[in-house]
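Given only the sequences and the hints, what does the whole structure look like? Please build it.
Chain residues, written in single-letter form:
Protein chains: 2
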Amino acid sequence: MKEKKSASTKNEASVKDQYAQMILDYLARFTKLTKEEEEIILNNIHLKEVKKGTHLLKEGQFAELSFFVFKGCIRQYYLKDGEERTTNFFLEGDTISVSFPSGNPSPSKFYLQSLEDCVLSIGDETVENEMFEQHPKFETICRIATESKLADTNEEMSNFIINSPEERYLNLLETRPELLNRVPQYQLASYLGMKPESLSRIRKRILKR
Amino acid sequence: MKEKKSASTKNEASVKDQYAQMILDYLARFTKLTKEEEEIILNNIHLKEVKKGTHLLKEGQFAELSFFVFKGCIRQYYLKDGEERTTNFFLEGDTISVSFPSGNPSPSKFYLQSLEDCVLSIGDETVENEMFEQHPKFETICRIATESKLADTNEEMSNFIINSPEERYLNLLETRPELLNRVPQYQLASYLGMKPESLSRIRKRILKR
Chain A
218 MKEKKSASTK NEASVKDQYA QMILDYLARF TKLTKEEEEI ILNNIHLKEV KKGTHLLKEG
278 QFAELSFFVF KGCIRQYYLK DGEERTTNFF LEGDTISVSF PSGNPSPSKF YLQSLEDCVL
338 SIGDETVENE MFEQHPKFET ICRIATESKL ADTNEEMSNF IINSPEERYL NLLETRPELL
398 NRVPQYQLAS YLGMKPESLS RIRKRILKR
Chain B
218 MKEKKSASTK NEASVKDQYA QMILDYLARF TKLTKEEEEI ILNNIHLKEV KKGTHLLKEG
278 QFAELSFFVF KGCIRQYYLK DGEERTTNFF LEGDTISVSF PSGNPSPSKF YLQSLEDCVL
338 SIGDETVENE MFEQHPKFET ICRIATESKL ADTNEEMSNF IINSPEERYL NLLETRPELL
398 NRVPQYQLAS YLGMKPESLS RIRKRILKR
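Which chain is which? The protein sequence lines are A and B, in order. Just so you know, my numbering puts 235 at position 18 of the first sequence, and the rest follows in order with no gaps. Just so you know, my numbering puts 319 at position 102 of the second sequence, and the rest follows in order with no gaps.
Check the hints yourself; a few may be wrong.
Each pair may be met inside one copy or between any two copies, as identical chains are not told apart.
[Stated by the list, open to error] No more than 20 Å apart at the CA atoms, straight line, and that leaves these computed lysine to aspartate or glutamate pairs for DMTMM-like:
id, residue 1, residue 2
1, 249, 391
2, 354, 342
3, 354, 300
4, 425, 350
5, 275, 256
6, 269, 345
7, 297, 309
8, 425, 300
9, 421, 345
10, 275, 384
11, 412, 384
12, 297, 391
13, 269, 414
14, 354, 372
15, 326, 281
16, 326, 391
17, 297, 334
Since the hints were derived computationally from the structure, they do not count as laboratory data.
So this is what it looks like as structure tokens:
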């Protein structure tokens, strides 16, 4: 019994070592942490392995969650007229923040599903609030990271509005080329706001150049 | 001299009274404030009147700013191939948050311009940080408000991806009908991701129903 416990602890620690640098690199974009603060954060991250095809969130569920993707790919999609419409992908180093729009508790309108076997950390509101109470600096980091993510999302939204479908595809080649080999073409087409036939035509046209 | 000062103070106070409820209603979406906290916030809001056509931010400028619109309309646009491409509008009660994407200081890629005479409060990073240091609860409010704004923006982005141009227009009629009478049609068309001719066609088709 004792041996089993120690093996599991050792296993958990080594998984953390493997991913520690990823989360520290992410946080370093927003603030300088002391060694002690880094330790506290690493001790409070609990990794979760999730099999391919798992739903992390479904339409209709009430939840305030945050995810950090250490490994794998998560897809966001909506069901519209019975059809899945993909609106985003999240890869290694990406965060997903699920909050209530306009501050009012409301059921989720979308789904989050793992497209591959994933390793994630999942935070919920209660755990986060406890952490912020004990370490106010972490709330500052969270605020700055959220402001920065909002700026990223605003920029993505603006680019989506002002760019043509072909420009959106070229932009993807530059900013998220890894998606091309990791997600199905019809999901990628949906994410780029076009029909699969259009994506296929654009790809052929670009290859010919 | 003394009389002038007191008149100006009185004038400032009355402007604040006029708009106090707006900012308190906005904050009430995210938290419950004590009377004392309400007072502190109202005392720290400085209104700025801005004439129609004023640029609040230009491409290339470095700035971390936040705006609250008490009166008027602000337009966000990008210059693409020498052409103005409108990507958003902000009306009474809306917030605008300008942060650095991905946490790296970088010049703004877009413009913010008043489409009407406006009354705004403008916050900058330094003032905000001082306020957060003195009153940590305000940082919590700011974090929650930003998370909620991010959820709103994610939802707008998803809707933009999955909706047809006509659905986007119908959605606008429901959620932001006041824009129809306040902004030029070609700017509205750009914001909806279509050409002015398409918007005009869609409007005629809908009127005929």
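Hints, one by one, checked against the model:
no.: 1; hint: 249 to 391; verdict: neither (29 Å within a copy, 45 Å between copies)
no.: 2; hint: 354 to 342; verdict: both (17 Å within a copy, 16 Å between copies)
no.: 3; hint: 354 to 300; verdict: neither (43 Å within a copy, 43 Å between copies)
no.: 4; hint: 425 to 350; verdict: neither (58 Å within a copy, 58 Å between copies)
no.: 5; hint: 275 to 256; verdict: neither (34 Å within a copy, 41 Å between copies)
no.: 6; hint: 269 to 345; verdict: neither (27 Å within a copy, 43 Å between copies)
no.: 7; hint: 297 to 309; verdict: neither (28 Å within a copy, 32 Å between copies)
no.: 8; hint: 425 to 300; verdict: neither (33 Å within a copy, 29 Å between copies)
no.: 9; hint: 421 to 345; verdict: neither (47 Å within a copy, 50 Å between copies)
no.: 10; hint: 275 to 384; verdict: neither (32 Å within a copy, 24 Å between copies)
no.: 11; hint: 412 to 384; verdict: both (15 Å within a copy, 17 Å between copies)
no.: 12; hint: 297 to 391; verdict: between (30 Å within a copy, 19 Å between copies)
no.: 13; hint: 269 to 414; verdict: neither (27 Å within a copy, 45 Å between copies)
no.: 14; hint: 354 to 372; verdict: neither (27 Å within a copy, 29 Å between copies)
no.: 15; hint: 326 to 281; verdict: within (13 Å within a copy, 31 Å between copies)
no.: 16; hint: 326 to 391; verdict: between (30 Å within a copy, 18 Å between copies)
no.: 17; hint: 297 to 334; verdict: neither (26 Å within a copy, 40 Å between copies)
Hint check: violations occur at hints 1, 3, 4, 5, 6, 7, 8, 9, 10, 13, 14, 17; the rest are consistent with the structure.
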